[in-house]
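Just so you know, the sequences run in chain order P and Z.
Anchor point for the first sequence: position 84 equals 83 in numbering that gives the first Met the number 0, and the numbering is continuous, going up by one each time.
Anchor point for the second sequence: position 187 equals 186 in numbering that gives the first Met the number 0, and the numbering is continuous, going up by one each time.
Just so you know, the hints here were simulated from the structure itself, not pulled from any lab data.
Each hint should be verified, as a subset may be incorrect.
[As the list claims (entries may be wrong)] Chain P is faced by these chain Z residues, among others (derived, beta-carbon under 8 angstroms):
{"id": "1", "residue": "S49"}
{"id": "2", "residue": "L78"}
{"id": "3", "residue": "G80"}
{"id": "4", "residue": "S84"}
{"id": "5", "residue": "K93"}
{"id": "6", "residue": "L97"}
{"id": "7", "residue": "I100"}
{"id": "8", "residue": "N142"}
{"id": "9", "residue": "Y157"}
[Stated by the list, open to error] With a straight-line Cα cutoff of 30 angstroms, these simulated BS3-like cross-link-like pairs (lysine-lysine) come out:
{"id": "10", "chain 1": "Z", "residue 1": "K82", "chain 2": "P", "residue 2": "K152"}
{"id": "11", "chain 1": "Z", "residue 1": "K11", "chain 2": "P", "residue 2": "K84"}
{"id": "12", "chain 1": "P", "residue 1": "K5", "chain 2": "Z", "residue 2": "K145"}
[Stated by the list, open to error] Label-pair distances were calculated between CB atoms; the ranges are:
{"id": "13", "chain 1": "P", "residue 1": "R202", "chain 2": "Z", "residue 2": "E195", "range": "50 to 56 angstroms"}
{"id": "14", "chain 1": "Z", "residue 1": "S127", "chain 2": "P", "residue 2": "L31", "range": "24 to 30 angstroms"}
{"id": "15", "chain 1": "P", "residue 1": "F20", "chain 2": "Z", "residue 2": "M0", "range": "52 to 58 angstroms"}
{"id": "16", "chain 1": "Z", "residue 1": "D87", "chain 2": "P", "residue 2": "R202", "range": "24 to 30 angstroms"}
{"id": "17", "chain 1": "Z", "residue 1": "K4", "chain 2": "P", "residue 2": "A151", "range": "35 to 41 angstroms"}
Even for Gly, the Cβ is constructed at its ideal location relative to N, Cα and C.
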Amino acid sequence: MLNLIKRDLLLSFYSSANFFFTVSFFVLILILIPFAFGTQSDQLKLLFKGVVWIALALSIIITVDRIYNADYEDGNLDIIMQKNKTIEYLVISKYITHWFIYCLPLLVILPILSFLFYLDYLETIQIFINLFIGSFGMVFIANFVSALTLGAKRTIFLKTIIMIPLFVPFIIFGSDAGSWPILLGLSMLSFVISIYVTAYGLRLYGE
Amino acid sequence: MNELKIEDLSCKRGESKVLNNVSLTIKSGETLVVKGRNGSGKTTLLRILSNFITSYQGKVSLNDLSILEDNSYNNKFNLIGQKNSLKDNLSIKKNLELWDIIFNETLDHAKLLEQDNLDHLINRDVGSLSDGQKKCISLHRLNYNKYEFWFLDEPFVYLDEVNTNSLIEKINRFNENMGIVILTSNINLPKKFHKEINI
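Using the sequences and the accompanying hints, generate a full structural model.
Here it is as structure tokens:
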């Protein structure tokens with residue numbers, strides 16, 4: 000499991016363009032808000048709390064092909080699955096690396112962005128906690144969608160259609176400041192379902 | 000001394016039956032060449048032996064213990080499939096570093112590539128290599144040497160005469176060290192590969 004985490008982190012370091020692409024995508028969506036809705040501070044504050052979730056959801060959707068598909072297409076998934084006989088460990092290590100590579104940078108950049116949208120420290124911390132907890136749940140969902148659609152080509156639209164409805168509860172509760180316990184519950188529920196479905200999807204691929 | 004035994008193996012892929020009552024035994028130091036028409040189940044057989052496909056009829060056992068129940072079995076074989084397991088956007092060196100981590104073994108790649116006259120390519124992106132060169136790099140995984148079995152799926156495809164002979168030599172050396180090789184191929188190989196099966 001640790002080997003796989005190390006390997007995925009090194010791979011993302013070597014292919015750092017993907018990582019910068021995701022961060023830039025997230026930042027650009029948020030930067031577009033003032034152009035569309037003006038620069039009134041109250042309006043921007045309100046919009047930011049909701050749009051930041053949409054930006055996070057879209058940023059995760061564009062990374063979904065890189066979770067299992069890239070390794071499936073070049074044949075590395077065979078080696079990885081052979082070396083990790085307990086597929087659940089493999090899945091957990093993918094959760095960790097996927098969150099670490101694609102969600103953590105977005106959370107790191109969040110305080111700078113919220114400063115641009117006139118949010119104070121308290122509001123920023125509240126959004127940060129919600130995003131921190133909710134992003135795990137979204138990663139779990141992205142993983143099982145990626146595993147279930149493994150091998151199907153040009154299915155980014157299909158994956159998007161499956162994922163967006165599943166992201167809706169996170170977006171609804173995420174924009175509410177004190178709703179982190181609900182997000183935690185949603186993330187835990189996603190974990191339980193996702194680990195089972197992802198492992199099933201990978202075993203199905205092996206067959 | 001290992002003995003890999005396949006008894007009455009049958010397998011369905013979708014609606015069609017690709018393996019029909021295949022039985023064979025292979026012992027340490029032997030190489031088995033699996034031949035057959037396209038779609039006859041050669042790759043399926045290797046994937047069953049690699050524990051990827053688990054729903055089949057019949058029995059596959061290593062030293063009389065079913066491979067499905069043998070927890071250490073997955074660490075005993077090295078499977079080289081038809082895909083190269085290489086990232087096109089990375090250099091050979093970086094690809095080999097990633098393999099080292101997965102295989103949990105650090106090899107002296109520069110020296111090993113020198114033996115195959117590929118050391119000058121080490122910093123080249125895999126995407127810029129020919130199919131034959133990619134295949135040679137892919138077969139470089141045979142240098143990880145903790146394994147007792149090699150399962151090779153069409154290993155000679157894209158290889159020129161020199162590299163084909165070099166692979167045959169490697170297989171012979173592995174056999175001398177009591178390793179078992181099962182490979183799929185439709186080309187005529189030297190008689191040294193003394194076991195052959197048509198499926």
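Hint-by-hint comparison with the structure:
1. S49: holds, 7 angstroms
2. L78: holds, 6 angstroms
3. G80: Cβ of G80 (chain Z) sits 5 angstroms from chain P, so the hint holds.
4. S84: holds, 4 angstroms
5. K93: holds, 5 angstroms
6. L97: Holds, about 6 angstroms.
7. I100: At about 4 angstroms, which falls below the 8 angstroms cut-off, the nearest Cβ of chain P leaves the hint on I100 (chain Z) intact, so it holds.
8. N142: violated, 14 angstroms
9. Y157: violated, 15 angstroms
10. Z:K82 x P:K152: holds, 17 angstroms
11. Z:K11 x P:K84: holds, 24 angstroms
12. P:K5 x Z:K145: Given pair K5 (chain P), K145 (chain Z) holds - Cα atoms ~21 angstroms apart, limit 30 angstroms.
13. P:R202 x Z:E195: 50 to 56 angstroms: Since the Cβ atoms of R202 (chain P) and E195 (chain Z) sit about 32 angstroms apart, the hinted range of 50 to 56 angstroms is violated.
14. Z:S127 x P:L31: 24 to 30 angstroms: Since the Cβ atoms of S127 (chain Z) and L31 (chain P) sit about 38 angstroms apart, the hinted range of 24 to 30 angstroms is violated.
15. P:F20 x Z:M0: 52 to 58 angstroms: At 54 angstroms between Cβs, range holds.
16. Z:D87 x P:R202: 24 to 30 angstroms: holds, 27 angstroms
17. Z:K4 x P:A151: 35 to 41 angstroms: At roughly 37 angstroms between Cβ atoms, A151 (chain P) and K4 (chain Z) fall inside 35 to 41 angstroms, so the hint holds.
In summary, the structure is inconsistent with hints 8, 9, 13, 14 from the numbered list given earlier, while agreeing with the others.
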